[in-house]
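Q: Listed below are the residues making up each chain.
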Amino acid sequence: MDLTLRIWRQASADAKGKFVNYQVKGISEEASFLEMLDVLNESLVMKNEEPVAFDHDCREGICGACSLYINGRPHGPDKGITTCQMHMRNFKNGETIVIEPWRAKPFPVIKDLMVDRSAFDEIIQAGGFISVRTGGIPDANAIPIPKLNADLAMDAAACIGCGACVAACKNASAMLFVAAKVSQFALLPQGRLEASERVRNMVGKMDELGFGNCTNTYACEAECPKEISVTHIARMNREYLVAKVTAPKE
Amino acid sequence: MVKLEAKVPKGPLAEKWTNYKAHQNLVNPSNKRKLDIIVVGTGLAGASAAASFGELGFNVKVFCIHDSPRRAHSIAAQGGINAAKNYPNDGDSIYRLFYDTIKGGDYRARESNVYRLAEVSNNIIDQCVAQGVPFAREYGGLLDNRSFGGAQVSRTFYARGQTGQQLLLGAYSALSKEVGKGSVQLYTRRDLMDIVVVDGRARGVIMRDIISGKIEKYAAHAVVLATGGYGNVFFLSTNAMASNGSAIWKAYRKGAFFGNPSFTQIHPTCIPVHGDYQSKLTLMSESLRNDGRIWVPKSLEDAEKIRKGQLKPVQLPEEARDYYLERRYPAFGNLVPRDVASRAAKERCDAGHGVGSTGLAVYLDFADSIKRLGKHVIEARYGNLFQMYEKITDENPYETPMMIYPAVHYTMGGIWVDYELQTTIPGLFAAGEANFSDHGANRLGASALMQGLSDGYFVLPYTMQNYLADQIGVPRFKTDAPEFEQAEKETRERINKLLSINGSSTVDTYHRKLGFIMWDYVGMARNKEGLQKAIAMIQELRADFWKNVKVTGTSEQVNPELEKALRVADFLELGELMARDALIREESCGGHFREEYQTPEGEALRNDTEFNFVAAWEFTGENKEPALHKEPLVFEFIEVKQRNYK
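Here the protein sequences line up with chains L and S, keeping their order.
Using our numbering, the first residue of the first sequence is number 1, and each one after it goes up by one.
Using our numbering, the first residue of the second sequence is number 1001, and each one after it goes up by one.
These are computed hints drawn from the structure, not numbers from a lab.
The beta carbon of each residue, even a glycine, is placed where N, CA and C say it ideally should be.
It cannot be assumed that every hint is accurate.
Dumping the calculated BS3-like pairs for lysine-lysine here, alpha-carbon to alpha-carbon at most 25 Å [said to hold, decoys possible]:
id : chain 1 : residue 1 : chain 2 : residue 2
1  : L       : Lys249    : S       : Lys1181
2  : L       : Lys47     : S       : Lys1550
3  : L       : Lys47     : S       : Lys1547
4  : L       : Lys25     : S       : Lys1550
5  : L       : Lys47     : S       : Lys1564
6  : S       : Lys1375   : L       : Lys79
7  : L       : Lys244    : S       : Lys1550
8  : S       : Lys1513   : S       : Lys1497
Covered stretches of chain L, going by a simulated chain S footprint (3 or more residues, C-beta under 8 Å) [as the list claims (entries may be wrong)]:
id : region
9  : 73 to 87
10 : 166 to 179
One side only, chain L facing chain S, incomplete, derived with CB under 10 Å [to be verified]:
id : residue
11 : Glu29
12 : Ala126
13 : Leu187
14 : Ser196
15 : Gly204
16 : Val242
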């Protein structure tokens, strides 16, 4: 396939960015989207031009590093997968493909298509854990957990922290990301002990970092590569309300 | 001259670890605050170690190459984690897990380490459940198990096909908790450039900030490398793109011995290679062999027709198929260990029975299981894997058998460590896949996750204290020692050299060429002539790299080409050491298969009289032959036998 790529180039966080057009020729339909970008980059290097910088690593849809906004959609046109899992058979010969970084204020651009998602780590550090230390733990089967709850917790835990939900949301809200973690622990008996404190701390941190509010457009669920359901947002809202109402007075 | 001392505690096997812990030195809480530990890597081993050190009260600095610790490649492990819980009541025990692991590794691992691994395996499951890891459960609410290769019991705990992800997120949450509390300082997007040794002890690291390009110096009382394996020396592997051998290679060059570098695991169930532009290979979890049956066409004519697309696999009647694993190994069938399954696939394809357009593929067929259990059961067990397969190949594995072929997956070799996971450089520790310790010549499925977390949660927190106990009087270090200056200077020189060559070939071109040499001569089957050839070819390629490589950009910016060049430069040295190691080991064991040494049936033929040792290689200088040291393997508690899965 021969394609025109319209790619966002930005030298650094402070530099002004712009779209640049590139032509790539002879791309196989079997190639993955990132392999297509590898081909472009090899050709740029040979021309002494700077290759396009983008985040990627496992290339099998689980590490959450890749983060491209393709033709106006996070992770491109295919459903339920990341950019790295998308193959070129999803595109047509001669097509122009527009490639941008995630666009959200809490995810500033570092270079070209790379953005800084450390805000997600900060939210987890604020409460996305169960406070157990290493060792001195009772037997794993000491706490039976209904299969349904375990399965629902696993649905939520499948989040890869890529940030597509934020990129998809017109408010740049991180509700789906935060809800996935809050919900996973809220569903498990181990997580109940700190549930109130957790949801207050995580939501507080999310607001502080400048993520927007949820206005129930469900764009996050539609674009989530792991198809995490917005019902987890509903569960988080419930947890949050209860936590607020029952919070001890300061 | 460094002496190889494994420091195995005395006493009966089952009491060694208990005895060690009872008599080791400890550091009191007020002294812990004065001691600094650097951990490089945030996969299972690194994240769990850093979190545990932080909880104990040490000052920890943890470094990762990614934008977040959660992206380390442990995340991609699919199938599960072993533990000797014996929840299914099917006859498992700590001893049996230990025995299976030693046997699976073809008797090339240290008994004491492996026993400890089996011993703490149960603690890992408890720990992870307490952290909120959503393992698969039965309807009664208790934990579910599945079986894996090389074992006759079901001891593998799993979280759908994403066990590695869930365990890593558990360790990441523990780490995040400590980062939030301030006991651990997190440094992301850092690439290790060198290890600093002062007066014979590891005292710090040189890092490159991937965003600014700044070269940074960090000092500590001890350094842990948990930087994973070096399978990417083969260019195509199931490793992530950034997985590299540079950190352990720097350690080797600074005096840490390298253990069994040639021991590489070629995983039998990966999606076959399909084109020149391909950047990596994708694993299909071993757990699929629980329900999938592996076969090729019995006749050469059918195979030929299938390759040409004139015949579809589903059209081939049962009697025209060769379920070669079930035929050759009736006792273990499709669940033989990985090295055995991989070699058997290669043997069939080399004999002309391979399928797919290249002939380098075999079928993994779920038709029987779907018929027996129903599609919904298979979907619940492997849904995400089937989806992944379909996205890559555009074929529906519910309707037509998967095509698979072996691919490089894991390196059992790594930095040599003693019982305490300490390298031959005092104060430098290696954990997880970065060390050589527990898997011998072949790792069993679902054991990598077990080892990473064992090292990080339950071994290093003890052994590190034993080391640091005599360091309490050593004041906090500054980074202005001449050794830091020297290491920084060498790093800058290396980077400048790479940027100034401005030759005619890209970094990837060299990496790809190295990969072909490694796969052809240091891959699934090796022989003396080929290995000698490989050494010469790698030396030539390395010389050419330093004359003709083209690296664009500058060092003071985000520069992925420079990052790759630094790694490939190290791979070009490491590859040669792997070939040397494979050359001196004149026997076949586990994943190391020397064509000259096989039984009449084509099984690996060990030589226990001459090669019952760990090969520990010492760096002797630039372009000089490395020195070989041998750690004899003493099997006090089990009988060494020819492996038999028949």
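Q: Are there hints from earlier that the structure breaks, and if so, what are their numbers?
A: 7, 10, 14, 15 and 16
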